[in-house]
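Sequences listed follow chains S and V, in order. Each step along the first sequence adds one to the number in the numbering used here, with nothing skipped, and position 58 is 58. Each step along the second sequence adds one to the number in the numbering used here, with nothing skipped, and position 105 is 105.
It should be emphasised that the hints constitute simulated quantities derived from the structure, not laboratory data. Treat the hints with caution; some may be incorrect.
[What the hints assert, rightly or not] One side only, chain V facing chain S, incomplete, derived with CB under 7 angstroms:
1) F186
2) A280
3) Y281
[As the list claims (entries may be wrong)] Pairs of lysine to any residue residues, derived as SDA-like cross-links and limited to a Cα-Cα distance of at most 25 angstroms, are as follows:
4) V:K313 to S:M196
5) V:K314 to S:S148
6) V:K26 to V:D150
7) S:K142 to V:R234
8) V:K80 to V:G142
9) V:K314 to S:D141
10) V:K80 to V:S156
11) V:K80 to V:R234
[To be verified] Ranges between beta-carbon positions, derived for each pair:
12) S:Q17 to V:L298: 25 to 35 angstroms
13) V:V179 to S:S137: 24 to 34 angstroms
14) S:Q85 to V:F291: 16 to 26 angstroms
15) S:R59 to V:G132: 44 to 54 angstroms
16) V:R284 to S:Q17: 53 to 63 angstroms
17) S:A140 to V:V179: 16 to 26 angstroms
18) S:K194 to V:I94: 51 to 61 angstroms
19) S:E138 to V:L87: 33 to 43 angstroms
20) V:I10 to S:G15: 56 to 66 angstroms
21) S:D141 to V:R111: 52 to 62 angstroms
In this text the structure is predicted, and so the values were computed from the model without any measurement. Each residue gets a CB set at the ideal place from its N, CA and C atoms; glycine is no exception.
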Amino acid sequence: MSALVAEAVSKNFGGVQALSNVSFAVEQGERHLIIGPNGAGKTTMFNMLSGAFPVSSGRVTLFGQDITNIPANARARLGLARTFQITNLFPRLTATENIVLALQAQSKSAFSMFSRMRGDKDLFARAGALLDEWGLSEIADKAAREISYGQQRQVDLILAMASNPKVLLLDEPMAGLSAAEVVRAVGMVHSLPKDMTVLMIEHDMDVAFDLADRITVMHQGGVIAEGTTDEIRNHPKVTEIYLGAD
Amino acid sequence: MTGTSYSRWIGLAFAAGLFVLLVLPKILAPYYLGLAVKMMIFALFAMSLDLLIGFTGMASLGHAAYFGLSAYATGLLALKLGWNVWLALPAGLIMSGLAAVLFGLLALRTRGSYFLMITLALSQLMWGIAFGWRSLTGGDDGLPSVPRPDLGIGISMADGANFYYFVLLIAAIATFLMVRIVSSPFGYALRGIRESETRMLALGYNVWLYKFAIFIIAALFAGLAGILYVYYNRFVSPDYIHVARSAEVLLMVILGGAGTLIGPAFGAALIVFFENLISAYTERWVMLMGFVYLIVALFAPNGIAGLIRDYRKKRASS
Numbered sequence: 001m002s003a004l005v006a007e008a009v010s011k012n013f014g015g016v017q018a019l020s021n022v023s024f025a026v027e028q029g030e031r032h033l034i035i036g037p038n039g040a041g042k043t044t045m046f047n048m049l050s051g052a053f054p055v056s057s058g059r060v061t062l063f064g065q066d067i068t069n070i071p072a073n074a075r076a077r078l079g080l081a082r083t084f085q086i087t088n089l090f091p092r093l094t095a096t097e098n099i100v101l102a103l104q105a106q107s108k109s110a111f112s113m114f115s116r117m118r119g120d121k122d123l124f125a126r127a128g129a130l131l132d133e134w135g136l137s138e139i140a141d142k143a144a145r146e147i148s149y150g151q152q153r154q155v156d157l158i159l160a161m162a163s164n165p166k167v168l169l170l171d172e173p174m175a176g177l178s179a180a181e182v183v184r185a186v187g188m189v190h191s192l193p194k195d196m197t198v199l200m201i202e203h204d205m206d207v208a209f210d211l212a213d214r215i216t217v218m219h220q221g222g223v224i225a226e227g228t229t230d231e232i233r234n235h236p237k238v239t240e241i242y243l244g245a246d
Numbered sequence: 001m002t003g004t005s006y007s008r009w010i011g012l013a014f015a016a017g018l019f020v021l022l023v024l025p026k027i028l029a030p031y032y033l034g035l036a037v038k039m040m041i042f043a044l045f046a047m048s049l050d051l052l053i054g055f056t057g058m059a060s061l062g063h064a065a066y067f068g069l070s071a072y073a074t075g076l077l078a079l080k081l082g083w084n085v086w087l088a089l090p091a092g093l094i095m096s097g098l099a100a101v102l103f104g105l106l107a108l109r110t111r112g113s114y115f116l117m118i119t120l121a122l123s124q125l126m127w128g129i130a131f132g133w134r135s136l137t138g139g140d141d142g143l144p145s146v147p148r149p150d151l152g153i154g155i156s157m158a159d160g161a162n163f164y165y166f167v168l169l170i171a172a173i174a175t176f177l178m179v180r181i182v183s184s185p186f187g188y189a190l191r192g193i194r195e196s197e198t199r200m201l202a203l204g205y206n207v208w209l210y211k212f213a214i215f216i217i218a219a220l221f222a223g224l225a226g227i228l229y230v231y232y233n234r235f236v237s238p239d240y241i242h243v244a245r246s247a248e249v250l251l252m253v254i255l256g257g258a259g260t261l262i263g264p265a266f267g268a269a270l271i272v273f274f275e276n277l278i279s280a281y282t283e284r285w286v287m288l289m290g291f292v293y294l295i296v297a298l299f300a301p302n303g304i305a306g307l308i309r310d311y312r313k314k315r316a317s318s
């Protein structure tokens, strides 16, 4: 069974057709990349999949379950996590608190009003361990708005991974990073559990071809090609979009 | 460690503050003791609004609705049906809670300045009812001679010191509950919502439910303040609900420093004190409040608590 399937998903914003009949399937454990020029509708597609906006028509299923009409937070609880193209953290909270909120999100105690958050030593220890694991322990007590952009992108990724999701949507996690930071971030994606399904938007072709099992190419709100890295590398339409027609 | 000495310092200040509050009736003249009661009531009111503004990022300009509705409910029941405090106080709270459920369902469909506008509109609607329904509320004249609470255990609340302790006890319990709420997992989730709703949704939080819950909780604490105020004043009028009061409590929160609880409590005490002081000399108190607001917005956008925090940071880094 496919992990995540989009069936003929369309989206209009008023008169603007942002997506038309986008279909693709992501298999479990696959590293599936979405590439395409600016304005192709990649992030809009992510918003449809994660439930940030409703679809205009079409269907989205997660492990066979129709999730088209359920809200974003319920999709997250079914194991669908995402990062954001524009860094979306809790700016005035510390890096540790950011991660604690992510870890707590799906626990039963998340709505508890009378236990002390700080009393949950285990939760804070787990957040600290995650920061350690990614070499970020020195920023643990810094507010998210005070750390470097590269570190923010990494924390963004940790937030999405913290709940151990079944399907992870990564929206250009490498954008704006320095060459050295890209290497680290690629390493982070490589080190994700093999059974975790990853759907990722990426602009950098080298990064995309390095990570991908399968690639979907979007252009002007539609899918123009899908296949393995080799198939996409030599696809005439893809070359045309990226290099221009002769 | 500066952290430990700081928390010890806080603990000491807290103990000293509590001691002062406990002995205040022995030192203050009745008039000033009454003023202290008013300060505590508005501190409670301002802290309740801080739950929304400071912790959840929901700026309400209609918080006086819950303050006033419970005051009317308790005042009317005490006055017309002779209910004692054990019945009238919970009834007042229920009134505020129900109003918050209803208004929350409407207002939570919006955010930002639209939320501000709709909370303002809903509270002014309540003001209109209080003003217009003369047969029940006395209209503009309000409801005079609401009795002081009768606990039924032989302690007379006509005595200023006794009433002071009554308000102190309730305000202390309410403050304790609010502190617990903001330090709980629920309270941290509220901060997360303040910082980024979209991220909270993506993490799996039912953001709407958290906002609905805190909207009702904040209304209940505001309602509690309103009930204490009607017992204190022995009077309730449409002014309790008016937008001017919502704006005043908003200013208390901003002056003190939103998102700190203690800041808005101090902001409330300061404004009550100065209002009292200045009203003796001029009628133009509201204009002065405007100046206060201007100065805070220009020089201390994070309020007094923010100024102190910045000062500590500067000292720590130098």
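Outcome of the hint check:
A distance limit of 7 angstroms between C-beta atoms decides the matter here; for F186 (chain V) the minimum to chain S is near 4 angstroms, and the interface restraint holds. The criterion of a C-beta within 7 angstroms of any C-beta in chain S is not met by A280 (chain V), whose closest approach is roughly 41 angstroms, and the hint is violated. For Y281 (chain V), the suggested interface contact is broken, since its CB lies about 41 angstroms from the closest CB of chain S, more than 7 angstroms. Straight-line distance between C-alpha atoms of K313 (chain V) and M196 (chain S) comes to about 43 angstroms, which puts the hinted pair past the 25 angstroms bound.
For the suggested pair K314 (chain V) and S148 (chain S), the alpha carbons sit about 21 angstroms apart, so the restraint of at most 25 angstroms is met. For the given pair, K26 (chain V) sits about 23 angstroms from D150 (chain V) by alpha-carbon distance, which is consistent with the 25 angstroms threshold. For the suggested pair K142 (chain S) and R234 (chain V), the alpha carbons sit about 50 angstroms apart, so the restraint of at most 25 angstroms is broken. Of the pairs offered as hints, the one joining K80 (chain V) and G142 (chain V) holds, with about 14 angstroms between alpha carbons and a cut-off of 25 angstroms not exceeded.
For a cut-off of 25 angstroms, the pair hint linking K314 (chain V) to D141 (chain S) stands: about 17 angstroms separates their Cα positions. With a C-alpha separation of about 21 angstroms, the suggested pairing of K80 (chain V) with S156 (chain V) holds against the 25 angstroms cut-off. A distance of roughly 14 angstroms separates the Cα atoms of K80 (chain V) and R234 (chain V); the hinted pair therefore holds under the 25 angstroms criterion. Between Q17 (chain S) and L298 (chain V) the beta carbon distance is about 47 angstroms. The supplied range of 25 to 35 angstroms is therefore violated.
For the pair V179 (chain V) and S137 (chain S), the beta carbons lie near 30 angstroms from each other, so the given range of 24 to 34 angstroms is met. Checking the proposed 16 to 26 angstroms range against Q85 (chain S) and F291 (chain V) shows it is violated: the Cβ atoms sit about 44 angstroms from each other. At about 53 angstroms, the beta-carbon gap between R59 (chain S) and G132 (chain V) stays in the expected band of 44 to 54 angstroms. Take R284 (chain V) and Q17 (chain S): their Cβ atoms lie about 59 angstroms apart, and the range 53 to 63 angstroms holds.
Distance hint check: the CB atoms of A140 (chain S) and V179 (chain V) are about 25 angstroms apart, consistent with the given range 16 to 26 angstroms. For K194 (chain S) and I94 (chain V), the hinted distance range of 51 to 61 angstroms is satisfied, since their beta carbons lie about 56 angstroms from each other. The beta-carbon spacing between E138 (chain S) and L87 (chain V), approximately 58 angstroms, falls outside the hinted interval of 33 to 43 angstroms. Checked against the given bound of 56 to 66 angstroms, the beta carbons of I10 (chain V) and G15 (chain S), roughly 58 angstroms apart, stay inside it.
Our hint of 52 to 62 angstroms for D141 (chain S) and R111 (chain V) is violated, since their Cβ atoms are close to 30 angstroms apart.
In terms of the numbered hints stated before, the structure departs from hints 2, 3, 4, 7, 12, 14, 19, 21, listed from lowest to highest.
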